[in-house]
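Model the full structure from these sequences, guided by the hints.
In order, the protein sequence lines correspond to chains G and R. Under this note's numbering, think of the first position of the first sequence as 13, with each following residue one higher. Under this note's numbering, think of the first position of the second sequence as 1126, with each following residue one higher.
Think of the hints as simulated: they come from the structure by calculation, not from any bench. Hints should not be assumed to be uniformly reliable.
Okay, derived cross-link-like pairs now, SDA-like style, lysine to any residue, Cα gap no bigger than 20 Å in a straight line [as the list claims (entries may be wrong)]:
(1) G:LYS105 to R:SER1328
(2) R:LYS1320 to G:SER102
(3) R:LYS1320 to G:GLU29
(4) G:LYS105 to R:ALA1347
(5) G:LYS105 to R:ILE1227
(6) G:LYS105 to R:ALA1338
(7) G:LYS105 to R:LEU1339
(8) G:LYS105 to R:LEU1150
(9) R:LYS1274 to R:LEU1255
(10) R:LYS1340 to G:ASP171
(11) G:LYS166 to G:VAL193
(12) R:LYS1340 to G:PRO99
(13) R:LYS1211 to R:ILE1227
(14) R:LYS1320 to G:ASP171
(15) R:LYS1320 to G:SER145
(16) G:LYS274 to G:SER102
(17) G:LYS142 to R:GLU1422
Distance windows between CB atoms, simulated [unchecked claim]:
(18) R:ALA1129 to G:VAL266: 46 to 54 Å
(19) G:GLN122 to R:VAL1272: 47 to 55 Å
(20) G:GLY175 to R:PHE1148: 54 to 62 Å
Note that the Cβ used here is the ideal one computed from N, Cα and C, for glycine as well.
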Amino acid sequence: MEGFLRVERLAKAFVAERPVFSDVSFSLDGGEFVCIIGHSGCGKTTILNVMAGLDTATSGHVFMDGREVIGPSLESGVVFQSHALMPWLSVRKNIAFAVESRWPDWKREQVDDAVKAVVELVGLTGAIDKLPSQLSGGMKQRVGIARAFAIQPKMLLLDEPFGALDALTRGTIQEELISIVRKTHQTVFMITHDVDEAILLADRILLMKNGGDTSDGYESGGIAEVVVNPLPKERNRSTLHHLAGYYELRNNIVDFLVSRAKH
Amino acid sequence: MNLAVFRSLEFRAGLVSVLIFVFVLAVWHALTLPTAVTSAPSTTVVSAEQAEYDKLMGKSATPVSGEAQKATGFPTLAQMGATMVKQLANPFYDNGPNDKGIAIQLGWSLLRVGLGFLIACIVAIPLGFLIGMSPLLRRAFDPFIQVLKPISPLAWMPLALYTIKDSSISGIFVIFICSVWPMLINTAFGVASVKREWLNVASTLEVTPLRKALKVILPAAAPTILTGMRISMGIAWLVIVAAEMLVGGTGIGYFVWNEWNNLSLTNVIFAILVIGVVGMLLDMMFARLQRWVTYVE
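Okay, here's the thing in C-alpha cells:
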C-alpha cells in the first residue's frame, strides 16, 4: 500500500524565526520499516510525537490511511523510550489495560487470551504475572512492545526503544522485533541513534540534520538525505557485516552524522 | 537454640525499650514513695458535727483507701495500676453524663474523628483531583488554601458553635477543617506529578477521562494521597482531644478534663496513655494502607 502514511511539510518552532525543523515531508508505504537517525535535539521525537498525535506541529500535516492525524488514537501503537509501563500493574494487567481500551466490550477470557498471545510473541510467558520492577530493562521494553502490538495498530511508532539497553540485550530484542514485524507485516517508524540498528531493521533510513547558524543566517533542521537500504531483506545481526554493500552504507551514514548533520 | 535471634537488631532494640520502660517506672516509683510518716492522723476525739464538717471540707480524718491521697500528691504506681485494672475491667459502663466507661468515651471520639475525616476525604480528594489536573484551578485556589491552612482548627470552634448550634456536630466540623488541608494539598500534588508518559499511554489508547482518572491517575497518585490522609488523621486525633475539652459532653478529651476536675490524676494519666495507644494504632492502620498502594518503579 503506497503512501499509507504521509507527512507533509511539517515544521516545529519554539522561537518563530528559528524553527527546529521545517519542510519535513516523507511517506511510509504499508508494511515498510523506516528508521530516522539524527543527533539529539534535531526534532526526531517531536516528529514521532506529532505522528502519534501527542504533540502538535507549528505547521504541516500528517495523514494516516487517508485521514489526518489530529490527536492520539488507537490506530498507532507507541513504544516509549522509557517503556512507560504502569509500575502498579503486572505485565498481564499492563497489556490487558491496552486490550480493554481497544476492545471495551470484550469478555475477560477474550482479553486474557489476547494478552497471553502477545506475551508469548515477545517470549515473556514465564514473567506474565510479575510487576515491572521485577523485570530487567530488556524485559520491560519487551512488555512495552507487546503492549503496542496488542492493540493491533495500523502503525507502530518506536521512540528509540532500545536506547537504554546493553548491547547484548539490544541485539536479541532487535531480532525478535524483526521476526514479529515480518510475521505481522507491520508498518513501523522508529527513532534510533544506532547506525547498525537502522541498517539491520530499516527498509529506508531518513537522515536528519540539526538546525543551526550558517554564513547565510539561520538554517532550520530537517531531513537531509533518504537512504534506501540495498541489503537483502532476509538479513540478520550475525551476518550483517559480511553482506556486500554493508560498509558503503554504514560509512555513508556515519560520515553524514559526523560531518554533515551539524552546522 | 538459635543465638542469632538474640543478636538481631530488633531483639536488642526491644531489650533497650524494655529497660527504658522499667527505668521510667522505677523513677516514678522512687519519686512517689510515701514520705516519712506524715503527722499521724490526729487521734483527738472530734464531735460528730466536727467530723461531718471536716468531711465536707475534704479533710476527712479517716482517708478511704487511696481516695484522699489523689488530692495530695502524684499517684503511686500501685494506684495507677489499680485504676487501669478498674477502667479496663469495665470499659462500657454508663452511670450518667459524667461517669462513662473509657470505651464509650473513646467510641465517641473515634466516631467524631471518623465522620469528620470521612467528610474531609469526600471533599478533599475530588477537589484535589481537579486542582491537580488544572493549572488554572491550582492558581485560583492557592491563595485560599494558603490562608486557611495555617488557622488552628480550634479557632473555628466559636464560629462553628454559633452557626451549627450543636456541640457534637461542631466537633465533627473542626475535625473536618483540620483534616481537609493536608489531604487536599497532597492529592493535588500527587495528581499534578503523575508521570507524563503514563498519561501519554492513556491518551494513545484513547482511554475515557473517567477511566484515566480511576485507572491511571488514582493509582499513580495513591501513595501521595495516602500520605496526606495519614498526616490528616494524625492531626485529627490531636485536635479531637482539645475540641472535646472545649465542647464537653462526651469523648476522650472530655474524659480527661472531667477527671481533672475530679482531681483524679490516675484517670488522667490512664486517658493520656489510651490517647497515645489509639493514635499509634490509627497511624499503623494508615501505614499499612500506604504500603498496600505503594509501587516500586
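(request) Would you pick out the hints that fail for this structure and give their numbers low to high? (result) 3, 5, 8, 10, 16, 18
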